[in-house]
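Trainee: My request is simple: use the sequences and hints to build the entire structure.
For the protein sequence lines, the chains are V and E, in the order given. At position 4 of the first sequence the residue is numbered -16 (the working numbering), and the sequence of numbers has no breaks. One rule links them: number in the working numbering = place in the second sequence (from 1) + 9.
Just so you know, the hints here were simulated from the structure itself, not pulled from any lab data. From a predicted model like this one, the values you see are computed outputs, not experimental measurements. Wrong hints could be hidden among the right ones.
What the hints assert, rightly or not - Think about it this way: if two alpha-carbon atoms lie no more than 30 Å apart in a straight line, the pair counts; the simulated DSBU-like pairs of lysine-lysine are: (1) V:LYS294 - V:LYS266; (2) E:LYS99 - V:LYS173; (3) V:LYS173 - E:LYS18; (4) E:LYS106 - E:LYS18.
Said to hold, decoys possible - Coverage of chain E stretches by chain V, computed from C-beta distances (three or more under 8 Å per stretch; other residues unrestricted): (5) 58 to 66; (6) 71 to 82; (7) 93 to 99; (8) 116 to 128.
The beta-carbon is built from N, C-alpha and C at its ideal position, and this holds for glycine as well.
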Amino acid sequence: MSRTVAITGNGAIAEAMRQINPDVVAAFPITPSTQVVEDFSQFVADGLVSTELVTVESEHSAMSACIGAAAAGGRVMTATSSCGMALMWEMLYVAASQRQPVVMTLVNRALSGPINIHADHSDSMGARDAGWLQLYSEDNQEAYDNLVMAPRIAEHLDIRLPVMVCLDGFIISHAVQTMKLEDDEAVRRFIGKFIPVYPLLDCAHPVTIGALDLQDYYIEHKRAQHQAIMSAKRVVQEISDEFAKSFGRNYGLFEAYRLEDAERVIVAINSVAGEVKEVVDALREKGEKVGLLKIRLFRPFPYEQIREALSGAKIVTVLDRSCSFGAYGPLFTEIRTALYDLPQKPMVYNRVYGLGGRDMLMNDIEAIFAESKQYQQNETVDKVFDFIGVRGD
Amino acid sequence: MPSIQEMAKKQGALAGGHRMCAGCPAPIFAKMLTRVTDYRIVVGSATGCLEVASSIFPFSAWRVPWIHTAFECAAATMSGVESMYRSLKKQGKLDGKIKFVVTGGDGGTYDIGLQSLSGAMERGHDLLYICYDNGAYMNTGVQRSGATPFGASTTTSPGGKLVPGKQQQRKDLTTILVAHHLGYVAQASIHNPIDLANKMKKGIENNGPSFLNILCPCIPGWKIAADMAVEMARHAVETCYWPLYEVENGVYTINYEPKEPQPVADWMFLQGRFKHLKDPKWKYAVEELQRQVDEHWGWLHRQAQLTS
Chain V
-19 MSRTVAITGN
-9 GAIAEAMRQI
1 NPDVVAAFPI
11 TPSTQVVEDF
21 SQFVADGLVS
31 TELVTVESEH
41 SAMSACIGAA
51 AAGGRVMTAT
61 SSCGMALMWE
71 MLYVAASQRQ
81 PVVMTLVNRA
91 LSGPINIHAD
101 HSDSMGARDA
111 GWLQLYSEDN
121 QEAYDNLVMA
131 PRIAEHLDIR
141 LPVMVCLDGF
151 IISHAVQTMK
161 LEDDEAVRRF
171 IGKFIPVYPL
181 LDCAHPVTIG
191 ALDLQDYYIE
201 HKRAQHQAIM
211 SAKRVVQEIS
221 DEFAKSFGRN
231 YGLFEAYRLE
241 DAERVIVAIN
251 SVAGEVKEVV
261 DALREKGEKV
271 GLLKIRLFRP
281 FPYEQIREAL
291 SGAKIVTVLD
301 RSCSFGAYGP
311 LFTEIRTALY
321 DLPQKPMVYN
331 RVYGLGGRDM
341 LMNDIEAIFA
351 ESKQYQQNET
361 VDKVFDFIGV
371 RGD
Chain E
10 MPSIQEMAKK
20 QGALAGGHRM
30 CAGCPAPIFA
40 KMLTRVTDYR
50 IVVGSATGCL
60 EVASSIFPFS
70 AWRVPWIHTA
80 FECAAATMSG
90 VESMYRSLKK
100 QGKLDGKIKF
110 VVTGGDGGTY
120 DIGLQSLSGA
130 MERGHDLLYI
140 CYDNGAYMNT
150 GVQRSGATPF
160 GASTTTSPGG
170 KLVPGKQQQR
180 KDLTTILVAH
190 HLGYVAQASI
200 HNPIDLANKM
210 KKGIENNGPS
220 FLNILCPCIP
230 GWKIAADMAV
240 EMARHAVETC
250 YWPLYEVENG
260 VYTINYEPKE
270 PQPVADWMFL
280 QGRFKHLKDP
290 KWKYAVEELQ
300 RQVDEHWGWL
310 HRQAQLTS
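Mentor: Given below as structure tokens:
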């Protein structure tokens, strides 16, 4: 039986980890994901899981230990944020290239500097080329659900790649929301048994993992890695459909919110989507044809499906909660690329918001739709790129 | 402990056909890993000479399960492997006993990997970390490390007109590891196979974390002939530059006392990396290395007396 509970995003993540009961967790605490590691440590101390918890001395060692543990032949999880993942950077690539199905919760937080502990996506967006699948979460429920699905996706034999589940720091990680926790047994049934592939601990069949790979083979391996992650689009949808059958909540690669006849669309990612939905509803009441496309799977990026979903739009505003200094926002770049092949291209422009946890208010979103209305009427976009709600010039 | 003859009959952990330099002594200890113990072992290596030269895809010289992830995290990687082993064992998903060994050069151990090594040791994983100390970042072409001796010329501490090689005292890593309160810490040399085998066996079979620092002269880095590595290691021990000792649960034992310690200069001037110090104006550098060696040798004896 599922239970309806009031719980923080971090608490929900820790509960999912308890239910998944990974063989090894290696983690180093960092704000705002700390509660995940703290709660899980308590589960270990109380004997609620059979996990070996490795309380490493840094995030670099956390990811290194995760890779080693996964290579040894079992289910492995971790959690981090911001600079913690930045310290893992080198090892993120190693985890993906060794095809280790590590599952990591990333509670999104701004990267230093200046040091800041609040939400933005500079951490995960910077890691978008590391070879990890990235799932984003609007709220506590979606974060929990994504994490329950993540081991299935990571361990799928067609993929066998690490998965990162992202949720916004404080806004989701620390906010108490009412949500459903599924039954432990039902979750464990859904996850199933871990199937080791060439485990290091099989001494009768010794394997070499992490060999030096030079010009004569490296690019073939990189192509294989790319092909594996591309096939994840299909697998993520299959497992999401299976999840819906088991637990009743439906997830696609993205969420098309009131998009069918929408002319003006916001594309957004993570918690701000909830606010955009409210504004969309209010404007729909007034007869405005507005909608939201909420990204769930950012890596691999579902170009074709998003192109199809936005093919009827007249103007698209892409909201990025990170800044790719010297370039357009990372989400914008993908969306504009996806739209390029449409014969009738919608206008598309980019707004950066919420860096370092700056609030995005309802009237900010109303102002975005007002601006897109103006652009639509003028049939031109004045500013392709701008920041929202920033003081001064 | 099996005899050398008996050990030689067992298959080594490292197969022939690896691509280490001619005359490199590091494969000696790598091969011995399976010969000194009857336990099954899993090995992890830091990026470095032994790693790159033993695993060029699609070949591998390793006859045992082996993993490499990156330079600074071999101990962390293996702490993950060992933790998974304990997890699967306690859940009844795995049978039999396995022991874990990590290898790293002085770059991956003294310097960039020191944090992850310290963390793994403090956490108490059941593994032996073996540092093969060749005294510089040899894999990338002889750059100075925390293990490079005073006065040695490397590509980043070259002997020049103004500066005669490295101007800092080498780090005493073995003592840093002793400070982790381990069951077993030792220094060995590649020239003494019986002492080395004993220490490898003790380290592997010790219950909990242990550390072994092995002096491994480097042919191109020390600028010596390809048949001189073992001799250079022996000579280093005879000068007391590299004492053979072990620390078991805090108790120091000096395993070898040279009858008459040789001057460090005799050892130095057999190596091209110290050649520049033959110029009389750099006499102080030769004396300084001798002073450091004497001081450490005396300190080590006091430790042995204090803890006996």
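Trainee: Decide, hint by hint, whether the structure agrees.
Mentor: Evaluation of the provided hints:
Of the pairs offered as hints, the one joining LYS294 (chain V) and LYS266 (chain V) holds, with about 19 Å between alpha carbons and a cut-off of 30 Å not exceeded. Distance check on the hinted pair: LYS99 (chain E) and LYS173 (chain V) sit about 17 Å apart at the alpha-carbon level, within 30 Å; holds. A threshold of 30 Å between alpha carbons decides the hint, and for LYS173 (chain V) with LYS18 (chain E) the separation of about 41 Å lies outside it, so the pair is violated. In summary, the hint linking LYS106 (chain E) to LYS18 (chain E) is supported, as the alpha carbons are separated by about 23 Å, within the 30 Å threshold.
Residues of the segment 58 to 66 of chain E lying with their CB closer than 8 Å to a CB of chain V number 5, which satisfies the three-residue condition for coverage. Under the rule that three or more residues need a Cβ within less than 8 Å of chain V, the assignment of the segment 71 to 82 of chain E holds, with 11 such residues. Coverage of a stretch by a chain is defined here by at least three residues with a beta carbon nearer than 8 Å to that chain's beta carbons; for the segment 93 to 99 of chain E and chain V the count is 6, and the condition holds. Counting residues of the segment 116 to 128 of chain E whose CB lies closer than 8 Å to any CB of chain V gives 4, which reaches the minimum of 3, so the coverage claim holds.
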